[in-house]
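Each chain is listed here by its residues.
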Amino acid sequence: MSHGEELPLAGVRVLEIGGGVAAAFATRWMAGFGADVVRSDAGRETLGRDEQAFLLAGKRRVGAGDARLRELALAADIVVEDGAPGALAARGLDPRELQRAKPALVVVSLTPFGQTGPAAHWRASNLVAHAAGGVLSLTGVASRPPLQNGGNQAWMMLGLNGCSAALAAYFGALVHGEGDWLDLSAQDCAAGMLELYGPRAAFENTEAPRLGNRVHAIWGIFPCADGFAGVCALQRQAPAFFAMTGEPALADPRFLDPGQRLTADAELGALVEDWFRDKKKHELLEMGEKHKVPIGAVQTPLDLLASPGLAEREFFDPVVTPAGVARVPGRPYLGVGWRAGELHAPAADTDAVARDWLGAKS
Amino acid sequence: MKRLPLEGVRIADLSMMWAGPFATRLLAEMGAEIVKIESPRAWDNVRTLLPQPGATEPWNTSYYFNDYNRDKKSLTLDLSQPRGRELFLELVAQCDCVIENYRADVLDKLGIGWEILRKARPDVILISMAGFGKTGPEQRLVGFGPIIEQMAGMASTTGYGDDGVPYKTGISYGDPIGGIAAAGAVVLAMIARRRTGRGAWIDLAQRETMAQMLGPAFAAASLRGESPVHRGNRDPHFAPQGVYRCAGRDQWVAISARDDREWWALCAAIGAPELESLELAERRQRHDELDRRIERWTALFLPREAAESLQRAGVSAAPVLDCNAIHQDPHLAARGSWVELPHPKMKAWKQPASAWRLVEAKPLLRRHAPLFGEHNREILCGLLGHPERELAELEGAGIIGDAPIGAREG
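Protein sequences appear in the order of chains X and L. Residues in the first sequence are numbered consecutively from 12, following the numbering used here. Residues in the second sequence are numbered consecutively from 7, following the numbering used here.
One chain only, chain X, in its complex shape:
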């Protein structure tokens, strides 16, 4: 990897307003990549301790009234907020007005339903936002209710989009001298990534059932000897998968033909399930690697923390918390500089930020 030590966002000022998971995640990587991320603490802390350990590392924190917040916004390159539509304007920080005052500023607003439209002001938890985006309807088994993912995925996905979109807009501001106001909604972000099911429904009006853990016989999660493991074989990997198993019953030529395989899906699924049952995860992964077949194993965060591969790639950062040293995901990718960050106390950097950003005397 090249030039890994320079921080790509050194000198970039980012103001995070809001206090939710979405805004905090949107700016989390920016802090690691070297931006001076300043979090304006809302009244009551809404993030849990584990969320804080992951999301707030490397950020400075200020307490700021509305007037000071406006000054900070105008001193920033990027503002990221996740308040309700209109909340920023009500505090004297209307994004359009900020833009007029500083044309190169990028303002990113993250909400469940966006700034406009009849449901813009709907209340939403993570689950409610997830429900409106379509992914929830596809997850779980058909005989049971749709199932949410672990973690706050509606908010995390919104934050991830917010980060990449903010960087794109900031690049535009550097090149063209023009920033913009970005209106990102959790619903829009999810609605545009419904794999084949979204476009298929739009094109064919086809229903998309919840398929549980089995899309088809050679694409799913199965019980194995020490937990759960899976395979995701497309047509081109099917021969290698069947050969890999060494099972005579799986060598049936019917299973190699996509059409016949679909007809025999239940029969094949039972055979595949049987095959997985007495294998251990590490055996399965080794076989997958050797035969170039997409094989996975269901791993927990504890498993990943113990992974030699992730350790070699220096994936986790230590973060000192009041409860000890947490290890949380650090650099999202290799090849550009990254810094692990420390947690700051609420409002701890109020004076320092005023001095650095505004030239104010403490």
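What the hints contain is simulated information worked out from the structure, not anything from laboratory work. Heads up, a few of these hints could be off.
[Claimed, not checked] Output of the computed footprint for chain X on chain L, the stretches with three or more beta carbons under 8 Å from beta carbons of chain X:
1. 10-16
2. 158-166
3. 203-209
4. 249-263
[Unchecked claim] When the alpha-carbon atoms are kept at most 27 Å apart in a straight line, the in silico DSS-like pairs for lysine-lysine are as follows:
5. K291(X) x K303(X)
6. K79(L) x K113(X)
7. K115(L) x K301(X)
8. K303(X) x K115(L)
9. K79(L) x K368(L)
Built from N, CA and C at the ideal position, the CB exists for glycine as well.
Once you've looked at the hints, dock chain L against the given chain X.
Only chain L this time, still in chain X's reference frame:
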């Protein structure tokens, strides 16, 4: 109107399936020119994964391919042939960035690895998106999105809680997450290049970007040794919360009472004033009973009716939109979240507008996904300056083409 942020940026896109193409769709929406490169012998499989019945050119008529490849240009090049590689490197010299999501060893085997690309363009940015990265003992594992979410901890955190079973996400969740992160990585590297003049090789392991989505769970695991708890649709901080059955087949509404106020409003809305006095601890304890009580009410309504009624009362609620309902959602319609693009070989259908709404630059979808090899002439003759007569030679050698070789045989 303002310019789109990536106007003037050109990207050579070797990516296939979903993760990489999703990244370049986002970059295209932001104004970048994306040149999608496929070989006549090794094309993006999504083109032909779900052939339309009776289609004469299934590779050009896939709604699935279209949704993730619109606003791109198609150049066919067989990179396994020396001439194909030469032309590719000529193109790289004209590009800001190359993006690929091959298995970790493939780019080098094709003879177009990082050092070679850098010779073609010294400040090039290369984004590699192998499932498990380009280094480390797991680099040779083969990863699609569903594998990625198993290996990143995501599946372990998802479950109903009463069957001990981890569940996959209903979409190949690792792909779009890797794609969104990769799109950000492209601009991040370009931001850095403006200052340093140097390119970069970004090694993005899709498993690692997926694991980021569970960041707080790693704090819990490392500080307290916690394993994931399957909560079904409940929340660790408030109650009740759930997905409740409505009138109609497989119709659901999601409801959360995030605090006492929302709980009181919920009680009033469902006609259960006798439950108002329950405090959080009791609501948790009696969650099953409350779920049944709430569902007695929701079962009387369609999801939208229930959600609108609850929202009017001050409760967090939304219909669980399935893939059909989402295309009829009045809120998304009012926001212009679907766009119908004309296509020369297909009827129009609703495609998602850009979710990255720049309020003033207004990213608009410009064009359907490219037909196979549609821009061969534009790129090879227009951009790279080769004479027209060369096209026939290249086609004769199977280096370019306007149809995948052997596609009809599956």
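Are any of the numbered hints broken by this structure? If so, which, sorted upward?
6
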